Amino acid sequence: MIVRLEKEQQKPARHQLLADVVYIISQDALKQMQRDGHTELSPAEVVLSAQNFCHEVLALPDIDEGLEYEIEDLEDEAEGDNDAMLILVLATVQLQALNKKYANIDIRKIILHIFEHLDGHELMWPLIEKMTNKEDARWLEGKKTNLLDYELQEIKLDGGGSEEIKQLFAYMAACSDKMDKESIKGNLLFINRYNIEHNHAYDKEVIALYDKFGIKSSTIIKPKEYVNTKVVDTEIQNIEAGGTGVIKEIKKE
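All residue numbers for the sequence shown refer to our numbering, where the first residue is -16 and numbers rise by one.
The set of hints was computed from the structure by calculation and includes no laboratory data. Warning: the hint list may mix true and false statements.
[Stated by the list, open to error] Each pair of labels, with its calculated beta carbon distance range:
(1) K84 x I111: 18 to 28 angstroms
(2) L81 x K187: 32 to 42 angstroms
(3) E137 x A184: 13 to 23 angstroms
[Unchecked claim] Below are the DSS-like pairs computed for lysine-lysine, each with C-alpha atoms no more than 30 angstroms apart in a straight line:
(4) K149 x K14
(5) K113 x K83
(6) K83 x K14
(7) K92 x K139
(8) K113 x K92
Just so it is clear, the structure is predicted and the values come from calculations on it, not from any experiment. Just so you know, even glycine gets a beta-carbon here, dropped at the ideal spot from N, CA and C.
Throw the hints in and build the complete structure from the sequences for me.
Dropping the structure here:
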């Protein structure tokens, strides 16, 4: 149930979670827990393990009967003292996100049972507080873009180059169906700017992203010129309204 990734598996796992709201909310808090020595699990490992736990619980024929056994199995499998707690807290967030999908299951009852089980763990509420402080919508929009920037910095630190960056953009396109419109807008603006700053090395990938979102891209502008935020904002509004998304090129001097 607990996911343990090899070093070379960490980066692809993070890329696949770029559109996952639970990962976005929890990444900073989990990274801090890891830095402080409370766990050896990476944020990606915790979130993926929480997903596995939720899958196991929601597949039970009798959740009331089997939930505590699943928790005990998780705790038996955990190697670190805090690993099970971290996974269970993230599972409550994941369950909340799945609430509408499983309308026939009393999700709230499962969450309350988990909290009762964890009651008294000294790290539980500090973890929850760090996550909930980041949960407002404006922060989420910026944070999703920041995660993309973080991955680009990781590629640079690891000595990667253009091929790794192209792969990252491909991951983003692949998981875009899970992103909300504000995240798509923020990431498109970020990638446009990044492409311009790198002499249009990623024109092909940028155009592919626009095609994926059903937006007609304007003529690729020259280095040192920047697309006005209004362009992407207007285009997404056009698509939402059922328009064809024809862009009139707008530039900042």
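Structure-based check of each hint:
K84 and I111 have their C-beta atoms about 23 angstroms apart, which keeps the hinted 18 to 28 angstroms range intact. Taken as a hint, the range 32 to 42 angstroms holds for the pair L81 and K187, whose Cβ atoms sit roughly 36 angstroms apart. Roughly 18 angstroms separates the CB atoms of E137 and A184, a value that falls within the hinted 13 to 23 angstroms. For the hint linking K149 to K14, the alpha-carbon distance of about 26 angstroms falls within 30 angstroms, and the restraint holds.
The suggested pairing of K113 with K83 holds, with an alpha-carbon distance near 25 angstroms, which does not exceed 30 angstroms. Among the hinted pairs, K83 with K14 is consistent with the structure: their alpha-carbon atoms are about 29 angstroms apart, no more than 30 angstroms. At most 30 angstroms may separate the alpha-carbon atoms for a hinted pair to count; K92 and K139 exceed this at roughly 45 angstroms. Of the pairs offered as hints, the one joining K113 and K92 holds, with about 24 angstroms between alpha carbons and a cut-off of 30 angstroms not exceeded.
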